[in-house]
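Place chains B, C, D, E and F on chain A using the hints.
There are 6 protein chains.
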Amino acid sequence: MTRLLDLPALPVGAHVQDTLLVLEVEQKSSAGGGYTVLQLGNASGRIASAPFWEQDQPQIVGIRKGHAVQVIGEISEYRGRRQLRVTTISVLPKESVDLTRLVPSVGDVSRYWETLDGWRREITKPRLARVLGLFYDDDGFRHDYERCPASIAGHHAALGGLLKHTVEVAAIARTVARAAGAEPDLVLAGVLLHDIGKLESYRWDGVFEYTDVGYLLGHVVLGARMLDLRLDEPDEPPCTEQERQLLLHLILSHHGKLEFGSPVTPLTLEAEVLHWADNASAKTASMGDALHEGDAFGEGLISQRKFWQLDGRRAYRGASDWGAPPAGA
Amino acid sequence: MTRLLDLPALPVGAHVQDTLLVLEVEQKSSAGGGYTVLQLGNASGRIASAPFWEQDQPQIVGIRKGHAVQVIGEISEYRGRRQLRVTTISVLPKESVDLTRLVPSVGDVSRYWETLDGWRREITKPRLARVLGLFYDDDGFRHDYERCPASIAGHHAALGGLLKHTVEVAAIARTVARAAGAEPDLVLAGVLLHDIGKLESYRWDGVFEYTDVGYLLGHVVLGARMLDLRLDEPDEPPCTEQERQLLLHLILSHHGKLEFGSPVTPLTLEAEVLHWADNASAKTASMGDALHEGDAFGEGLISQRKFWQLDGRRAYRGASDWGAPPAGA
Amino acid sequence: MTRLLDLPALPVGAHVQDTLLVLEVEQKSSAGGGYTVLQLGNASGRIASAPFWEQDQPQIVGIRKGHAVQVIGEISEYRGRRQLRVTTISVLPKESVDLTRLVPSVGDVSRYWETLDGWRREITKPRLARVLGLFYDDDGFRHDYERCPASIAGHHAALGGLLKHTVEVAAIARTVARAAGAEPDLVLAGVLLHDIGKLESYRWDGVFEYTDVGYLLGHVVLGARMLDLRLDEPDEPPCTEQERQLLLHLILSHHGKLEFGSPVTPLTLEAEVLHWADNASAKTASMGDALHEGDAFGEGLISQRKFWQLDGRRAYRGASDWGAPPAGA
Amino acid sequence: MTRLLDLPALPVGAHVQDTLLVLEVEQKSSAGGGYTVLQLGNASGRIASAPFWEQDQPQIVGIRKGHAVQVIGEISEYRGRRQLRVTTISVLPKESVDLTRLVPSVGDVSRYWETLDGWRREITKPRLARVLGLFYDDDGFRHDYERCPASIAGHHAALGGLLKHTVEVAAIARTVARAAGAEPDLVLAGVLLHDIGKLESYRWDGVFEYTDVGYLLGHVVLGARMLDLRLDEPDEPPCTEQERQLLLHLILSHHGKLEFGSPVTPLTLEAEVLHWADNASAKTASMGDALHEGDAFGEGLISQRKFWQLDGRRAYRGASDWGAPPAGA
Amino acid sequence: MTRLLDLPALPVGAHVQDTLLVLEVEQKSSAGGGYTVLQLGNASGRIASAPFWEQDQPQIVGIRKGHAVQVIGEISEYRGRRQLRVTTISVLPKESVDLTRLVPSVGDVSRYWETLDGWRREITKPRLARVLGLFYDDDGFRHDYERCPASIAGHHAALGGLLKHTVEVAAIARTVARAAGAEPDLVLAGVLLHDIGKLESYRWDGVFEYTDVGYLLGHVVLGARMLDLRLDEPDEPPCTEQERQLLLHLILSHHGKLEFGSPVTPLTLEAEVLHWADNASAKTASMGDALHEGDAFGEGLISQRKFWQLDGRRAYRGASDWGAPPAGA
Amino acid sequence: MTRLLDLPALPVGAHVQDTLLVLEVEQKSSAGGGYTVLQLGNASGRIASAPFWEQDQPQIVGIRKGHAVQVIGEISEYRGRRQLRVTTISVLPKESVDLTRLVPSVGDVSRYWETLDGWRREITKPRLARVLGLFYDDDGFRHDYERCPASIAGHHAALGGLLKHTVEVAAIARTVARAAGAEPDLVLAGVLLHDIGKLESYRWDGVFEYTDVGYLLGHVVLGARMLDLRLDEPDEPPCTEQERQLLLHLILSHHGKLEFGSPVTPLTLEAEVLHWADNASAKTASMGDALHEGDAFGEGLISQRKFWQLDGRRAYRGASDWGAPPAGA
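Listed in order, the protein sequences are those of chains A, B, C, D, E and F.
Under my numbering, the letters of the first sequence match residues 1 to 329, in that order.
Under my numbering, the letters of the second sequence match residues 1 to 329, in that order.
Under my numbering, the letters of the third sequence match residues 1 to 329, in that order.
Under my numbering, the letters of the fourth sequence match residues 1 to 329, in that order.
Under my numbering, the letters of the fifth sequence match residues 1 to 329, in that order.
Under my numbering, the letters of the sixth sequence match residues 1 to 329, in that order.
Here chain A stands alone, though its shape is the one from the complex (with noise of 0.2 Å):
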């Protein structure tokens, strides 16, 4: 496989022949007429094109946001930014691609396979681990599983990011447990199951977004009914129905609180553990992201712009090496 192409460092004056994927369409207008700038991506960043005018147009006809496309052109520079001059521009059909290369990605995620299974055969109850087999023995589900990312566009928001974050949140959760008592075997189960609903409310194929059933039903009810849907499925019930209002409860209130979209709280031990578990994974891995946004802070420690994705918070990079012992300690 060739190497990925790394879009953020190309030089000025750097030949491009690849593959990118198109992430917007962008019309622009001024007074000397209107344009039209392609936001250009793989998995290693992104870049603009260089304006299409009026009569670059034919260039373009028919590209959408979405489009695998091969590209040539050539890096260059307008106003101390770099852009893609495309002197050849064609979509490519969606087989033909490898997906892995075109959005941001966790990378392997066989070792997340592996902490997530050795995990799981832990478990001592035979009904639970039965249950949980039912999705995570099965090779349709963990397909769509280390590929659906965790969200569409804030933490985890990669191809693989649903895996990673179940690893980050079942460590988190374990520990937890530990601490409070709660059934351990149980809480993983709650870990492994809260996001299901995830691989049915978003598309990942090229451009994150919500499927429609993602936005008419929610991931939250939806992890439930495919819970539902397989333990209706096998000949005998793995578990009693008690035991399913358990696991269904768990899906259904890891939000924490009604206005955060569960339609139910956390009622039992393990509930409150996981839903502290998903919050601390999620919460942090956003600040970690806002710390890597290099263009968000200018010169500054602080950042200049405040981040949706931290509920309007700013955050600081200032860093210490709490260095060299204090004289004469």
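All clues given are correct.
Pairs count within a copy or across copies, as identical chains cannot be separated in the list.
Dumping the calculated DMTMM-like pairs for lysine to aspartate or glutamate here, alpha-carbon to alpha-carbon at most 20 Å: (1) Lys65 with Asp18; (2) Lys257 with Asp311; (3) Lys125 with Glu241; (4) Lys94 with Asp144; (5) Lys65 with Glu26; (6) Lys65 with Glu209; (7) Lys306 with Glu259; (8) Lys306 with Glu24; (9) Lys306 with Asp212; (10) Lys125 with Asp321; (11) Lys28 with Asp56; (12) Lys65 with Glu299; (13) Lys306 with Glu209; (14) Lys306 with Glu293; (15) Lys65 with Glu95; (16) Lys125 with Asp137; (17) Lys94 with Glu209; (18) Lys94 with Glu24; (19) Lys125 with Glu236.
Don't read these hints as lab results, they were simulated from the structure.
Using the frame of chain A, we list chains B, C, D, E and F on its own:
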């Protein structure tokens, strides 16, 4: 040391001769006359006295909430509730009593110190270790810290509760830090310092209460003040001014939002990690406590009342062994 | 069938020999000793028993909230309040009693069925009619639906209250749909399905209460689950997947906002119509109930207390006949 | 009367010679110089002018938002959007134009009057009928009321919108009143009076805007004031003081909550009915409007933007004919 | 005039023969039977009666909250609390009693009038002075205004409280106006008019209560109505329509926010000044009252309960004389 | 000193040769190419430069927000807006410029000092006077305090704004204290200390900005820290520990509520007075500022936009002279 009297388990007719704590002095009135009931307790739990009628008042003259008393009496029953019919009661000097036998306690704290001190020794940053040592190598500080409760009437409201809570937050925060890529030493420092203000805002020599300065300044600011004060003491400042600000920020922002009493919101990754780890420990402990309030459930699985410490939620104590493997599995 | 005993109207001295429901068993204490009061009721209203003192306890051993009891006694008066001085009381087997005589009821429900079934027959969309028939042509469903209350203690908290509420919502929703240009058949389907989850989340065989699954999953999600289940039953799916999603969306969004317990907000015109029609029926019924609580008003026109079911508002019962035409008009 | 020019349907190249309304005068700047765009509209919709460059400014000197103008020009296209290239434009005196051709309108209002007046004639309470007649038998009032919009830019924002909204609220309120057992005549009176304050708080002679007194006092209080004023006029007061207070209460409380602008909350059943009927009409009309904004949906079923008039919700326009009966049914 | 009986200071054994006000008639029950306690008060404070048992009821037949009664009795003590053992009690005709001796009062109001009238005379704007004179030169208005309390049970809840509050708001508003550059005459007019609606929304002839119209329309709108009414009375309008609107805006917006009951928010500098001056007087008076509730503090400096009038805050009454200068200063 | 150039009043064609401050460096793009506009200002106001095109860039290399620059140019007009066509521009060393001529300023501050120092001399409590003197008798403190703005972009955002605000708060607080019976010396102390933290949380040497420590700790806590620090300095503590806590409480609670950034709420009467006086000065100043933004109003009396500093309210600038006495008065 004699065995602790197990108040909740004493049968009717049992003879009592022991030291107890006066938790509450309740004046009640009835058409038949006024009477007084004492709520008496020790580390095992609590029991109400039989009424002291008008003619019994001389027995209890001068007895106040928070007093340790020597009691002789017998367990009787009234309308299905056990009560302690007191024959003799007298106030003991505070110095002569062992407080850990009279109030709820987390028990032996040495294991918590071992864990915390072990983690502290792993810190690789000399100036940071030095700052923490100003507190955690100070015997007076350790004496107080291992006794202080983590709250007056909520989570970890027991002697040593603050230390136990600190170990829990540390364990959780370390896991979250690993997932989020936060600086682990700084996170641990935040954990160790975030609640030190409670040493000045709580009083635990008998009944747990706020101090006046606890009301006037609050434990969040008191903690920051204590850090400032210690850092001004040594001949040579153990850390830089920017480092001091980062530590103060960790303390001040650990409640996460202004409306929860933090004058600033978390701006660093380490502050964000600390906030969520603190929450995860406190909130799941509250849920665990609620589930242990047996009398809140009656014969059902859902609590008959809403818990204030869960923001008005109920709790569910249904459980399952997820037992026998499903047939044919 | 004998006439229903009119509890609120019985004069002092009246002899009572009838079947009543135990609504509450209240333990009270006084300096003179403990005593028990039973709140007893039937469909006409409620009355308190005279105290059962310590020596009377054998009479009421084993009597619990929700029991139907055969009572012999006499109406007496105490401090201006009537009470039932009980001579004999014994528990009846639940099967032997007619519940509609013991709890509030909306009365004969056949008129509600006639209205609803009539409107249902006007539906012109075959697949939609078929889906509704899965429930509304099912005798078991009708048996439950015509008994279930619409709430535990709020609006339409009576046997048959859910059916009465459904007819009201349907009438209002049809009018709103006409004004707003919504699809009337789909609106009616939403009305008929929106509260079916209450059949599983309430218990009404005696005192009205939530079921455990009612607490764990909530009536909103339970209703969606019931629809999913029935739609999976028939050999051939009665509607398309998109149609199923639209119906599930109607159920899930009918509370209108996340903080009111809907995991998604209304996205279609029909869901919006359903939400406001449901609100209009529920809220105005609550105001009507408040105005009928005679003892809340004393001699004034403004209620002396604030009603919880009106979010803490008071009510005003001043009225006028707007009578004689003004002179010279 | 000549046919109304259908602005949204005019093809490129079409010649235009007609009276239009200036909805907005937009100053824009570009590196190539500043330019002006006029938003022009009539009752059929709106279209933007081609830019007026610096040299074209004399053409549009003195033209302001709200002016009626006589325009000659031609439809051209620029970057896929149609625009009106103006050759000649001149301001017309307001008296010479027919406003109903220039702004959105609900069309012929006589059917709304017929419905409302019919319902009004059914009122059986003499003094109430007399009060309503002070407004609804007054030609000046009717002249204004049948023109006033129901909002500036939200629901029923069209000439005659207030009258249409009133009929909708009346129809809904009558149905709700029947279900809730409210006094129907008083409810109708509330409907007819609740929004009369908009006659003084809106201006609709061209662009819809708030008046100064609309900002200073608000339509809720202005309506109450108008009622007070009229009731003071007749020689003999048409109703009692208590009756007047009930009517004022209906007007003042119809927003339902303080935070929505009602200085008092509904205390009577009739006020509660009015509030929910008003809401049902307004909110479902807003959803209907959103679903008609074709350009908000692109090619999808879910709107690409969130609607401010739906408090930031999206809308879904998927539909079905629920068509063929399922096989075998 | 005889001296006012100092109820809070009467020693046990003191003979009482005086006129008191019945503040509350409390029915209480106990196992020994029901009994009645009267809360009796005068302008100096309040005291509870000893219980009236069943056999004592004829003594108090017909006595209601708000009655003025002639009482003969003696101060006794019960469980450390003084009570008034009543020998004779009889209702007095309302006309025969001096209300200012029976309810809390701000005392002689002439100094407040002097201040306010003095400031009013400084007004230099003829039409404004004329409008204010419609009220403040009217003896009937002054008679009511100098008696009305400023609230039912919160700040300045005393006879004359509204006048005292008005002087305070005026003093503060004048200072704020000077700092903010607001028109001082208009600010004073706002102060004088903002609470006139309380004359119609409160009743103070005995116990302080809301009137029905106070509930139905609220004092904010009632005040605006009173102004409108007076302005319509004179043969020639004393001010222009725009001026009238500005005054109405001052009244209507003085609560500052919709959720506090103002139907419009302040749009002028004078309205903003009035709002904050009103708040400053009301809120600090509430804090002052709380600090004077001696029994809320016990022996501590922090109140043992949270005050509803401070939105649930506690209060601290620690003080210092900041006394001797520090040594060497 | 030469006269300050009156930027808002310069006519087209005027020659400019003066020192200005760079308030903003704006990069803009157009189809014709990118360009840069400088926002330039002095204490009189601000003006935009004409565009610097690609070829003009060398002129402005290295020029940043906050720089003082020497400018030669001429006022031209473009689309009705005046702009400064720059011929020569060069950066000046910060030391060489007089900041009070370049940024908004409250002007001569000596009158504010006279007032404040006068009031301070009236303090009769020796230890309190001593504490205040630690700051207000310190020339360094006075040097900073008389320059610091009271906010970055809100009320009193001018050099010397904090001092002016302090005088206003003091004047208001003294009046409120008198009405509420608060201790006047302590209130004055609170006024003088409440905002001292702004000296460390703001930067005003050019553009007004937050410092990093301002973001990390906030001005409320910074102020408390500054007081603690100074009180630890003298050989003998100038006040008792309890007195220190009361002063710290005044600073920490002055925002009144947790959600406004105070970690504790006011518990003393003096803290309550301070809070409302601070609010009254700040909020009315914001309204005054809004009314002075002439361009927000166009030709109307109601502002065409909502002001962020008024929480999204509009403002009304209608006024009257309340002029001629009404006829016959």
